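A.B. asks: Can you build the whole structure from these sequences, using the hints too?
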Amino acid sequence: MFAFIVRRILVGVVMVVVMIFVVFSLFFANGNPAINQCGRYCTPEKLAEITGLLGYDKSIPEQFGAFTAGLIVGRDFPVNDEYREALIANGYENRIIRCDAPCLGYSQSDQKTVNQLLVKAAGPTLSLAVVSFTIWIFFGVLIGVLAAVFKGRLLDRIVVGSTLVVYALPVFVIGTFFLQYVAIKWQLYPYPRFEPLREPADILPWLTSIMLPAVTLALFFMAAYVRYTRAFVLESLSEDYIRTARAKGLPERTVLFKHGLRSALTPLVTLAGLDFAGLLAGAIITESVFNYQGMGALAVKANNNQDLPVLIGLVIVGATAVIVMNIIVDILYAYIDPRVRVSK
Amino acid sequence: MKKRSIARWGAIAVAGAAITALTACGAATGGDTGNTGGTVTYLGVTGQWEGTDPATVYYGNEIASLRRLVYRGLTALPISDDPNVAPVADLATDTGTSDDGGITWTFTIKDGVTWEDGTPITGEDFIYGLSRSFDETLVNGTGVGLAYFGTYAASVVEAGYTGPFTSSEEAKAAFAERFYADGQKVTYTFDRPWGDFPAAAAGLFTTDPYQASVDDGSTLWEINSNGPYMMEEDEFDSALGATFVRNPEYDPATDSTDLRQALPDQFTFELVSDTDVLFQRLVADAGDDKAAFTDANIPATFYSQVESGAIADRTLKSTSPYTRFLFINSLTVTDPDVRRALAVSLNKEGMIQAYGGDNYGEPSTSIVSNAVSGFEPNPAFADDNPAGDPAAAKTLLAGATPEITIGYAVSPTNEKLIPVIQQSFEAAGFIVSTYPVASDAVPGYYGQMARKDKNGQKVDVFLGGWAADWPSMSTVIVPILQSNPEGAESGVGFNYGFYSNAEVDDLIEQALAATDPAEQASLFSQADAIAGEDGAYIPVVQQKNYFLYGSRIGGFLPDVASSFYPDFGSIYVKPEAAE
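As given, the protein sequences belong to chains P and W, one line each in that order. First residue of the first sequence? That's 1 in my numbering, and the numbers climb one at a time after it. First residue of the second sequence? That's 1001 in my numbering, and the numbers climb one at a time after it.
Everything labelled a hint here was simulated from the structure, so no lab data went into it. Quick caveat, the model's predicted, so the values are computed rather than measured. Every residue gets a Cβ at the ideal spot worked out from N, C-alpha and C, and that includes glycine. Possibly wrong hints are sitting among the right ones.
Here are the computed lysine-lysine pairs in the DSS-like style, where the Cα-Cα straight-line distance is at most 27 Å [claimed, not checked]: (1) W:Lys1416 to W:Lys1544; (2) W:Lys1544 to W:Lys1317; (3) W:Lys1416 to W:Lys1394; (4) W:Lys1574 to W:Lys1317; (5) P:Lys185 to W:Lys1290; (6) P:Lys185 to W:Lys1317; (7) P:Lys258 to P:Lys248; (8) P:Lys185 to W:Lys1416; (9) W:Lys1416 to W:Lys1458.
Reference excerpt, derived from the structure (chain W facing chain P, CB under 8 Å, subset only) [to be verified]: (10) Gly1047; (11) Glu1136; (12) Thr1268; (13) Val1272; (14) Val1277; (15) Val1432; (16) Val1442.
Part of the chain P face toward chain W, derived, beta carbon under 8 Å [said to hold, decoys possible]: (17) Thr51; (18) Val145; (19) Tyr189.
C.D. replies: Okay, here's the thing in structure tokens:
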């Protein structure tokens, strides 16, 4: 098992390094962060001047070298050595921004390191991911199992029909409905403003603040997971070993939860792990609708501002989250299904 | 020589200025105050603020709010529904003195004025604040103050001065020679007369003081207050806003209620995801939102909800300093008759419908807004049919069918405008094509239009808009109509049409040197009239404001001082019973 984990981690590290190189090359080959300092009356001359001043006129390999070095040992901004020297010579060294390793870059439009922006955005995104994940896994699996157990009966038909409707509804429709009708027009729920979770006393306000966007997001996933769970459970319940278990006289509850559900869990874990990892990169639509300043909203803002360092940082963090969750899923998978370990 | 103050700009009789009647909800002006206490919520849309560092702030609504709450300047415009309001002293003891016709200005800073940490504000703070405005990277590209200083203090810019952080010793010496402090006395010496400098100091943050000890590399979203309120958080959140509470170091004795009544205990700036959410909340008028307001205009989709019933009492219409117009590229459309034909043929009324209808604005006759002191309708356009007159245009063209390309930035509104413009020109006989500039183009729309060669594209007519930086015609006529320097590859100021007329330039020079505000306004109007006859531009729309606010908001007054956005200086929370 240990060798299996080490092997998976090493492959993950290689994937992250390759991904960083590809992302950096793609973005910087066709972009220039100095555009953010040039304003809306930016002329080519002014852009060229500011590009040089900020040090973004270097070749892509040079900039990638500096970026990689920043990941390992940190960086100072502005990146232009002469500009920094002039600041020091004029007694303004306090205007040099130190970005400690692993430095993901500097946002010219926000005058903050990408690390600072990502840390700030992590709170709402993690909150949204954890709460919505809990809701959709709990209710999705529960309702899915019930639908499977009552296959073909009224409950099953209602569940199957309603999940189809919810799944077909775009997230922004559900979110806008919650925000503009439930919260603003009918005032059935407090207007959602994100409250950070710093101490135990914050749990209730935090949960209250996150509930509407979390339910918005969870409904979409829940609808899918009800159908996945129903299908997986039905499939496993039709296996020969289930018939054997029933023939042995085991109680139906044991047959369902010990034998049927465990088998159905294996593919669900894979799906859930990847979906959760995707959420860690930000729920762009939900965060935008509710104005929750998580990774998704940061991505939208960075895209609008053509803020390349932030976009690169977000892609790196998002992709790393997916790779890490893949490793965790692989390990869980191996734990749940020993055949995976054996087959390597 | 006896010193005399010429800082009486703005106090001009506004002949014909069509200031829309202001029926503010109990707007308290001139010391007539409302209730003290409570929290006022300002609602805005996330992402629209570009910074709170005074060197960066550029937009009228941002200047309007911060000027009243946290950033006091040398001078300020008072809260007033008088369109002819003049600047008054703020942190300075008077509106400045000049004994050489506006070249040298001297101000004395009041005693007892402090930063939020209690440190006294000194003359040096003003010089340091001004010096920062010369740093291109700090001003985040907007650089409006730098543009004006590049005109009036060109020698400092030409000496290579780029702010305090990176300038050479020679450049610093050139700056220090022009701008210096002696204790509480601050002196500004320009290359040419700047008659309305006190008004510029009120309307821009360029000359505002800055405390050097708090200046570091990340000041974009910081606010170091010297006003009645201070920011509770360390930084303004560009996506969510900030909370402003009372500044314990602020001494009302150093200020005037004509400028800041500072009635609420707190101002909450709350930014929401989009305009629809913002207006849904104001329409609902529930809970804390009863004491909320916005400076955004009511979208057309909400007109049916707000134009009748009790909610209509919570709306207010006013004029705006913004005008929309069409630039004419004078380098490619050289025949004045063709330029006039373009102007005569344009269906302005159709364009206004595309913009959003009568609540958006009305047909205009100048690039100058009727909200600007000294405004006069441009006689060259006064008799043009706002629905367009293709027959008259055809007469001017005398059978010719010139090829015209219209440049525009791609946006939902512009996509509706362009067909109207195209049909107008085609009806007059022009052969029309378009040059759309995508929103993510680099350089952007104005970056391309600023270029003399229009970035290598054939562009003859293009969409534009402008608002006065302070309520003076100098901030409109000079940037748009004064000839660009010889050899300039990009338009200076906002003269992106590369219009050039020696007679207009001469009148502008005379106006800038004029010490009498009425004379200056008259000279600018003459310059505008000549440019209009010459077909320098095509006026389209005089914009209007249409505001909605909560039922407990009092003192809601869009005024000259706040660029016709709601004045934060007079707003208060009405008691429950007074709703």
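A.B. asks: Hint by hint, note whether the structure agrees.
C.D. replies: Going through the hints against the structure:
{"no.": "1", "hint": "W:Lys1416 to W:Lys1544", "in the structure": "19 Å, holds"}
{"no.": "2", "hint": "W:Lys1544 to W:Lys1317", "in the structure": "7 Å, holds"}
{"no.": "3", "hint": "W:Lys1416 to W:Lys1394", "in the structure": "25 Å, holds"}
{"no.": "4", "hint": "W:Lys1574 to W:Lys1317", "in the structure": "21 Å, holds"}
{"no.": "5", "hint": "P:Lys185 to W:Lys1290", "in the structure": "14 Å, holds"}
{"no.": "6", "hint": "P:Lys185 to W:Lys1317", "in the structure": "25 Å, holds"}
{"no.": "7", "hint": "P:Lys258 to P:Lys248", "in the structure": "14 Å, holds"}
{"no.": "8", "hint": "P:Lys185 to W:Lys1416", "in the structure": "31 Å, violated"}
{"no.": "9", "hint": "W:Lys1416 to W:Lys1458", "in the structure": "22 Å, holds"}
{"no.": "10", "hint": "Gly1047", "in the structure": "6 Å, holds"}
{"no.": "11", "hint": "Glu1136", "in the structure": "6 Å, holds"}
{"no.": "12", "hint": "Thr1268", "in the structure": "11 Å, violated"}
{"no.": "13", "hint": "Val1272", "in the structure": "6 Å, holds"}
{"no.": "14", "hint": "Val1277", "in the structure": "7 Å, holds"}
{"no.": "15", "hint": "Val1432", "in the structure": "27 Å, violated"}
{"no.": "16", "hint": "Val1442", "in the structure": "6 Å, holds"}
{"no.": "17", "hint": "Thr51", "in the structure": "11 Å, violated"}
{"no.": "18", "hint": "Val145", "in the structure": "37 Å, violated"}
{"no.": "19", "hint": "Tyr189", "in the structure": "12 Å, violated"}
Taken one by one, the earlier hints fail for this structure at numbers 8, 12, 15, 17, 18, 19, listed in ascending order.
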